[in-house]
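Chains F and S, in that order, are what the protein sequence lines are. So in this note's numbering, the last spot in the first sequence is 519, and the numbers never skip. So in this note's numbering, the last spot in the second sequence is 383, and the numbers never skip.
These are computed hints drawn from the structure, not numbers from a lab. The structure presented is a predicted model; accordingly, all values stated were derived computationally and were not measured. Among the hints, a few may not be true.
As the list claims (entries may be wrong) - Derived lysine-lysine pairs resembling DSS-like cross-links, with alpha carbons at most 30 Å apart:
(1) Lys-46(F) <-> Lys-182(S)
(2) Lys-295(S) <-> Lys-511(F)
(3) Lys-182(S) <-> Lys-123(F)
(4) Lys-223(F) <-> Lys-511(F)
(5) Lys-375(S) <-> Lys-56(F)
Claimed, not checked - What the simulated footprint calls covered on chain F by chain S, stretch by stretch (three residues with Cβ under 8 Å from a Cβ of chain S suffice, anywhere in the stretch; the number is not a length):
(6) 74–83
(7) 256–266
(8) 272–279
(9) 284–297
(10) 312–320
Every residue gets a Cβ at the ideal spot worked out from N, C-alpha and C, and that includes glycine.
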Amino acid sequence: MDNLITTVDWSRWQFAMTAIYHWLFVPLTLGLSVIVAIMETISFRKKSEKWLRTTKFWMTLLAINFAIGVATGIILEFEFGTNWSNYSWFVGDIFGAPLAIEGILAFFMEATFGAVMFFGWGKVSARFHLASTWLTAIGASISALWILVANSWMQYPVGMEFDPAQMRNVMDNFWALFSPVAINKFFHAVLSGWALAGAFVIAVSCYFLWRGSNRDFAIRSIKVGAWTGLVGLLLTMYTGDGSAVEVTRTQPMKLAAMEGLYEGHAPQSLVAVGLVNPDKKWDNDEPEYLFDISLPYGLSILARHDYTAFVPGIKDIIEGVDVNENGDTIYTVSYQERIARGKAAQAALHSYGVAMQDNDTAAMKSALDALEADYPYFGYGYFNSVDEAIPPVALTFYSFRVMVILGSFFLLFFIVCLIWVYKSEKTFNKARWMQMVAMIALPFMYICSQAGWIVAEVGRQPWTVQDLLPVGAAISAIPSSSVIVTFWMFAVIFTLLLIAEVGIMIHWVKKGVNNPELN
Amino acid sequence: MNTIEPSQTLLMLQDYWWIIISLLGGILVFLLFVQGGQSMLLNNRGTGATQIILKAMGRKWELTFTTLVTFGGALFASFPLFYSTSFGGAFWLWILILFSFIIQAVSYEYRDKAGNLFGRRGYDIFLFINGSVGCILLGVAVAMFFFGGQFTVERLNLVTPDATVISTWAPTHGFEAIFCWKNLILGVAVLFLARTLAGLYILNASTLSDQLFQYFKSRLIINAGIFLVFFLAFVAILLTTTGYTVMSATSLGTIVEETPYKYFHNLIGNPATLVCFLVGVVLVLVGIIRTILSKHYTAGIWWSGLGTVLTVMALFWMAGFNDTPFLPSTLDPSSSLSIRNASSSEFTLQTMSYVSILIPFVLGYIWYVWRSIDKNKVTADKE
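Okay, chain S solo, but in the shape it has when bound (with noise of 0.2 Å):
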């Protein structure tokens, strides 16, 4: 077999853009605190609720929408196999997410002006599939990552008469994966964790009532529940399950081999994806307990939003590691996707890598702006 050594420059420019991958995806996770509260739209009526939450995630939602777009760029940029495979195969369930986006984009600016068609309820209900469905299928989609998907890959098809198509997929084209029990899990946990962070930013965002204040602490108790319940589960699942590890990659093809509790070993092997998983877990929990135990506590957002973030992070690691395919093919495990053969070339990846030097900076605008524009509080009564 033939095997074309790459450099070690390639292999760090590799991990190094998995990280910066993990990095977007665990903003991304974070930043679905606004589906959440979309999700928490409808049955508010009479409570108040309905307006402190379109005011609030009113003021972040292009910012979770930007992060979608540029983890998709960045995906495509790095790992253009992944982009290829995955979303040309499960079409489906991305058609889905981006149609959930579309009807998001524009009801935060359309559902109080006149003239909007759909009028008021319209909008609220776009939102609210956005915030639910949208939640739950991203989460199928990283859980893919893990329980993987049915393809293959064939380079040489590029060059074969009548099936140029290099990727083909089974002809459920994504909904097997929607329907998959196990990928639901986390499409669930990501839906309740995402609720819990919006109830844990409206809280710190909004100077609201007694009543409001009790009523979006209770949501969060229930809401932070299912998603504990779900996410252990997901998390018991995923390290009992067995997984595939890459013995050898070449370009036109990758052997794998089956390895019981490849998750738990990707887990324990890695003392950086460990303490990051446990370090995020705890945060997340801090986050959530001191704002349900203590009576005016508005801060756990910050615990539980950097939580997310490393534990979101700890998972792609944990992915994508130790000579882990990213993608599993649960068809031909031989055409699973790794970051060492569905990455872009040396060239493009260390030129990538020279423009995410900027990301701190980016962040460092965000972060400045999102201080500015949270100095004036939500209040039910104006904006």
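In isolation and in its complexed conformation, chain F is listed as follows (with noise of 0.2 Å):
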């Protein structure tokens, strides 16, 4: 059993660890190729030179990072069958298909146009060409839409049945996969990726201007950067506004971690800074934060777009308290009887499986009425206590707090940019804080950016399928020692590889400044 655990703890280590690095690299990614494609339309159309030098040397940075945004990707698929494989016959069903069809109609559509974008300048004609570089770019995003979609369906399983005979999920409607929860999750992380890419290109062309080279270059890319991230930044900032309704509809416990709560009310303030009380727990009165200062009705208004309305903390949801689509609150079922209910489920499961061995048709329709009747609540049964379904709080908190302030940051710097390069590119040139304030406001993009995924990841714990399948039961039957060698394994070679790609980044961007052609 400690094996057991240390190998499920080490597992979703590796995993994290996977998907935060990958996160490094695709939403650059898929912004970076937007703006890359929307450069080369320029030159196209203007037949330019000075937009083609440009586009070429954005798009070189492009190719570094997309070479090791696919080296990451690779794994984390092929992940899931080495680290996960219950999980992967559990749901392989309907989770399989969004990522075979992610290969054939996305991947191939970006590799192929991408090696074209990347290794057919002189070789295919200036349109084929800049065809290439929009269908590379759509074909991240598609590939995007596919993953976000997999990804989607485990915070919000829906479009599938239970077969016991099988013993496990299949899916029965594939438009389901579709839900509002995909659709805002789509927006939302592709739509963050042409901020992140908007502030990568502001930045990189803010060091210019602070060398005092290829100045005309460098506010040449920042006017083009700070639309796309402004438009990509609204987006997102709407799409998160839908994806706090969406959580808030099919996750509430993520809901209350992610704002720390305990007991709610009607109306529910919403804390703006705070710090959570690390001995809080949902069955002790110890007060729920340290410190904080709070918005009155604020996360009424953000969870159900109504400021009076009730929003139930982690005890209440512990307790079975809820709020239904009217908004009335109700009552439902505890985590108690969840638990019991659960294994009343596997009971059953097991009781079909033995009768169905048997050939004991009687049994196996006893058995099913029994499964039938509690399945909802199947994973809850996979738990001893109520402690095991509660996500990490304090971690979902800041991330939350850490990326709407980051965010709501870069809302004020893409709009100040974008008016102070078109109002007077002269003292936008001379602003030296400016440009400075630019170049560290990049890494905390990509803060911001990360902190948006562990929300999402880490709120949603300890669940790799929301209510039905929790991690410690969609493991592989691997020793924790193989684990822990493959998780330092890639941290290591990971690791490398984005100091190499960080390196070759800066000595690229080095040569653009001690090059006065680019302008």
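Build the complex: two chains, separate frames, hints provided.
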């Protein structure tokens, strides 16, 4: 049992580490591919050599980033099999389809036309090259669509039924996978990539200005970067609002963890800044926060778009308090009862399996009736106490605030950049403090982006599939020592490759700074 | 024993998806010519061959990589029990394959760039490792379709406290497969097939000096010779091996029976498999022999490439059709995986089948882009 727990934890760490590295590169690919496509379009339409040079400069940075994104991506797909084999069987009938479709429809498009984009200069016509650049950008976004559809399904499993004979879930409605949760998540994640790429282009361009080099090139790039970043960020915020409503509806425990809220009220304030109390448990009387500055009505508005709405906290949810679709507070099933009924569902499934082996149809029917009654709580049967069903509150709480606060800063940042650079290029050229702010801001954009995923993934723990399969029951039967070795193996190689990527990018940017023809 | 009769549609869809998987597998093995080229990167100093190999393979590496990912995704979607059992069981085999592809993905882009941390030589070694180890291990993975693995599958474990994992594997977790000599024979055959195809592709896609032309041709002869020895050895072992026949499949177990010369029967018993295999092998040989015998012939890659796809497809059909478990369990034969007990549901396979209609379109634009890029031949002095 101890070994199992260690295997579970190391597998979680390994998946989290791989996902974090992967998401360092993917948003830049998603956004920069669009920026490069815009630049190449301008170059094509204006027959402009300077825009062509600009396009090629950023395209090289895209290529450097693209390669390492591909490298980290392959591991994520196969880790579902290597480290989460029970998961792969239990929901593979549904989850595998988006991955396969991604490969067939999106990944080939991205790779095929990406090869033309990166290596096709002079080998194909300018028109075909431009089309390839756009198709690469579109392919990257379609690729993200299928992955995010798959991820959303784990958080909000729909469009399937349980097949007791096979002991797995099977798909019965493909289109249900495109739930509001999935649509929001897709736009939220992809458009945040535009914002990140915008900040990246502005930061690198400001380095040019800081060094007094290729000013026209830098200003051109800043304009495209800032527009892309602003549009991306505004839409990210809009879809973020949609995501909050969906989380409230489908994963109330995650929302409660995001807010560090144990006992909800109507109306419910939102903590703008605060420190969660590490001693707070759902069943003690400790205060929720050591310190907080709250916005009245804030969480009610965020969660339900109704400033008087009740929002349940962790304790409420555990005790079975929820809000129905009409906004009425209702009593559902407590976590204690869910655990009991989950265990009953598992016992019924076991009986069904045994009866099936014995070809005892009467016993099979009886077991099936019992299973159907309790199946919604199947996953809770793997827990022995309600504490196991609560996500890490502090990490979710702080990550949410980091994401929102930094996101708000970048909204201001893009607006200031755009107004300034259009109003007076000359003063922007000389504003060294602004250039420094832009360069320092870039790592914070990455932190903002990562924080968003931490909220999404840590906040839904301990579930791999919401309410159906917790992480402890989703793993492979491999010794923890193997996972520890592979964790460090991947950690070392990803870190070295990241260092290589950053090193190459820095050299390329410096080369651009020293190349007056870039202007 | 309870038997749940599957519908005819499901049986048809299972067959269809095994054919799709075999097609993807065939294309993947053909595209391993990229890895084959990489495995020839070292020990070329002073010949100019290294630059040619890198330029030729650098144009195509993403296609191999993408096909591998799609192959994995399609297996997951269509035969999730295989994905679950093999990947989670033969853990180290798959992890080493993946590791070799991580280090490949960055190498073409990074090796010539300043500040790349490992230097050119470092990335060349990465490519060499991917080329040689990747090919051998992928061959080992495919060989397991015939020679099996040491695993058990018990679905009831899902609801058994403290032992919830349904598939359990031998404690060596894939190392036993890597060090199985029968698997290694196919692994080595795949490596030398990939090197042979790489030679054929380079001759086709490059404008070479006489010296380099002869250099690649001489290596082609050696690689093709070694490939044939190992491939024939593999075929001989395969056709004389005792396999399993699935006698009955239920949701909770499979009854299998040992069948001497199982794969020989699978080959000759199914005309499509037999024709595909024979035509494939002949085409591979035609491509190689015409290139070797003719002084200036460079189109051998297309003959051998098509032959490779057909041969691999036939091998997959031998592994999966005719009531054959495509992942036999040597530990508990009743746990063996067949296309009947390891597949997705009828609904999922049908949905995926609609998507698969687009595969010819995807192949079409890949072909178009391939031709567009390859109009400009690789040369030693420009790219």
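Quiz item: Which of the listed hints are not met by the structure?
Solution: 1, 2, 3, 7, 8, 9, 10
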